[in-house]
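Q: What follows is the residue order along each chain.
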Amino acid sequence: MLNRPFLLMLPALIALGIGFILPMGSVVWTSLHQGGLFSMGAWGEVLSSRTFLGILGRTFSMAAVVTLLTLALAYPLAYWAATTARRWGAQIMALVAVPYLTSILIRSYAWVAILGGNGLVNRALESLGLIEEPLPLVFNRFGSYVGMVHILLPMAVFPIFAAMQRIDPALMRAGASLGAPPGSSFSTIFLPLSWPGVSAGAALVFLAAMGFYITPALLGAPGDYLVAQAIEVRVSTLAEFDTAAAQACLLLALVTALMLLLRKRIVAMAGEDTTAAPARRLPLPPLLRRLGAAVAGLLAPIATPLLWGYGLLLMTLLLAPMIVVVLIAFSSAPYLSFPPPGWSLRWFFSFFADEAWLRATGFSLVVSLAGAATALAIGTPFALALSRGRFQGRRLLWLLAVAPMILPHIALALGLFFTAVRLGLNGSIASFWIAYTVTGLPYVVIILVAALRRFDTDLERAAASLGAAPLRRFRDVTLPLLAASFASAFLFAFLAGFDDLIISLFLSSPNGTTIAMRMWEDIRLEISPKTAVVGVLQLGLLLLAALIARLRLWSAPWRTR
Amino acid sequence: MSSIISRRGLLAATALATLARPALAQNSLKGTGSVIVHDGGGTMGVAQRRAFSEPFEKETGIRVIHQAGVNSGVQRAAILAGAPKHDVANISGGSMAAFEKDALLQPIDYNFWAEADRRAFDIVPAGQFQSPAMLYSMLLAFDQKRYGDRAPQSWAQLWDARAFPGRRTLAAGANAADGCSFEIALLADGVAPDKLYPIDWERAFRSLARIRGDVVKWWANGAESVQLQIDRQASLGSAWNGRIDGANDNGGSIGKVWNQGILQWAGWAIPKGAANAENAQKYIAYMSRAEPQARYSELITYGPTNSRAFDHISAERAALLPTAPAVKGLQIVQDYDFWNATDSTGQTGLRRAITEWEKWVSAG
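Line by line, the protein sequences give chains A and B.
Numbers given in the working numbering equal positions in the first sequence, counted from 1, plus 277.
Numbers given in the working numbering equal positions in the second sequence, counted from 1, plus 179.
No lab work stands behind these hints: they were computed from the structure.
Treat the hints with care, as some may be off.
[Claimed, not checked] Reference listing, derived: stretches of chain B covered by chain A, where coverage requires no fewer than 3 residues with Cβ under 8 Å from a Cβ of chain A: (1) 213-224; (2) 231-238; (3) 313-325; (4) 399-406; (5) 410-424; (6) 502-514.
Model, not experiment: these values are computed from the prediction.
The beta carbon of each residue, even a glycine, is placed where N, CA and C say it ideally should be.
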């Protein structure tokens, strides 16, 4: 089957054709028409606006800073979870996903409650007598970075953890027994082997950060005005679709060009590297590598307590807003206030008594689970073909599958809506299904291509030589070894759908209204603790899933080793 | 206070007289099938259901389907694609003119209305393509505990950080007309209410620059405007009257100043291509009546657009509404014509506000 990669990729290509290429065509068409006539006016305006180009530049630089910060924080955390704290790896990963489980508005509110002038941190420092005036921790660039890094950290930690988890500890022991100092075996063995995870994480974080605007709008300085906000305001407030479409196309083109420029560092495809000499393949300048080795060597003797200290501290910071959200969900106050003046279950009752919210929750669960399952089902063979096949244009295909994440969702939503109406799918559940398949696909492809790249194909060949059929081989050998990657790909694909507001605003109908829309309409005017309840219920589901995973999937590969 | 009572008495008498007269030959609202209407969510959605939808269903036999609201961009895209999101859409006053100009709406059929009701739309008249739905006001909001004994009275005082120390919050300029920050900046700079329009952008931004250092956060949405004050991140700012009342109903202590408030409105309209246009006409006609509007304003502090509704609203409640006789003269009705007109640069006010704001914040 691998000899015919086209067949493996066909289902994903069909989905991309309907869910991305047609909508994208509609976006391009929109950018080139004014009042129904062909016009380059929107493009001319966008390209000549110094303000817009400045916003674009700021978006790139902030996304780059956020990516570097996120990777720097994520790598040691993943290392801790994959090595020192290996026994707790699955639980740590489940907790790392927690920041995702709540609506962006209430999560931002939680950060204000923690960092604000009247927030927990400042009050604590004041009561300790350390400061007189509150520190400006939020509503500035620092606040933007805190909010963005917090929510993007899981996207970096998951693929890095998955890569590290498959590194055989025997390799490190072998290195040590051959006399390599700890720093050196880290930088020549561990770091290169974990690199695919780092590059996948970097790609995910950077691309997601390029599309951010609500978090910087709520936590940042007024100047933290990013390109997705410029596009959003042109669609939502001005209904100026041509300019918005031109802006979105320009952004897509620039990011695509950047990805092609950095291609070798971001997605190394099979055939471009050999596992035999990983150290030489590490795309880091030698100076940085030596520095890494030196630091690792220096820290080796105290590595264990240091890693535990770091890991626990970072987990606390990661979970702090969710703790605030959980407390708010049990608040007796009719409004958001922190700390809550009293405790009650009224918001849980209010949620379960509200038929519209329950129906919307059910609808969101169905369409985002269907989308994530489909994305995984068609994305896995697609990733397999890309990482194992030997044919031209693989990187472009990779970019095509990832593009739905790069194109700002407001533009994708506009295109999807026009396409759905033309195909007679308006108001149908199928339109959501296609949309969430396509928005989930980038996560599946980025994570699985990275995971499969370092996958030891000898194991599969061994199974084949013992007579295992391809499907059986996949089920018994590949699947269990890549369980963590599959789990995180599915989780992100699911959340991409479940968290989506913008696409659902366009596709909504009386047959289909998502919970994100219900929360949004509630939140526009006043934030009630009811939205916190949704986060708590999601948290409960995640912990349940982690428990099941602990019992089944995650523990399996370790036992076999 | 006494003037209000006497006025109420007078109005009540008029109402009785109206009742005594035989009903005019007005088309019946009875019908079949259903109608999909905009739902504002939260308290607003509940109020709409109780005040309008449920009694409408009982009277007419038409089933009302509440569908979550969308912003004007989404609604516009939906109408252009021939698949509007609602039969009865709710469009903000600032966006309405663009919908009318591009012929995206169906005319309102006033044969379903009582003539007296139409005449009573006296603050914002009912137009060819839209029926004003609700009035609300952007007010100066302040921490009552902090400034209780010496409350600020005007936007100029909000700009006076020496007399009224404390952190401020105003709407981010990307909210354009909805946020009112440009009108507020000019009023604070001493522009007379009748000289507000056309907005002098340079002067408005100069004024905003003076307050910039005291603004802890330019709020992004209505929830945030009040939340910042509840959490005491800000002590002064702009906020919608309904949001302030909502916070105070729940134990907040935010003061509000009617003086120089900016009165805004949203309207009901029937998009081109709406599947149940006839039922939509009937639903809008029902909502134009005084009693349902009074019920609505009892549930949420939006001002009725039909002034006859005040005949059915208690004096206590009326005092909270932006269109109450005692306060409506203190406020300035936002000029949506200006916001939609094209200026010498070829841009509408809305677009100009957003591009100038983007330039301003980018310059740091």
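Q: A separate judgement is required for each hint: does it hold in the structure or not?
A: Structure-based check of each hint:
A stretch counts as covered by a chain when three or more of its residues have a beta carbon under 8 Å from one of that chain; for the stretch 213-224 of chain B and chain A the count is 8, and the coverage holds. Proximity of the stretch 231-238 of chain B to chain A, defined as three or more residues with a beta carbon under 8 Å from a beta carbon of that chain, is not established by the 0 residues found. Look at the stretch 313-325 of chain B against chain A: 0 of its residues bring a Cβ nearer than 8 Å to a Cβ of that chain, fewer than three, so the hint is violated. A count of 7 residues in the stretch 399-406 of chain B with a Cβ less than 8 Å from any Cβ of chain A is obtained; the coverage claim is therefore met, three being the minimum.
For the stretch 410-424 of chain B, the stated coverage by chain A holds: 5 residues have a C-beta nearer than 8 Å to a C-beta of that chain, and at least 3 were required. Residues of the stretch 502-514 of chain B with a Cβ under 8 Å from some Cβ of chain A number 0, which does not satisfy the need for three, so the listed coverage is violated.
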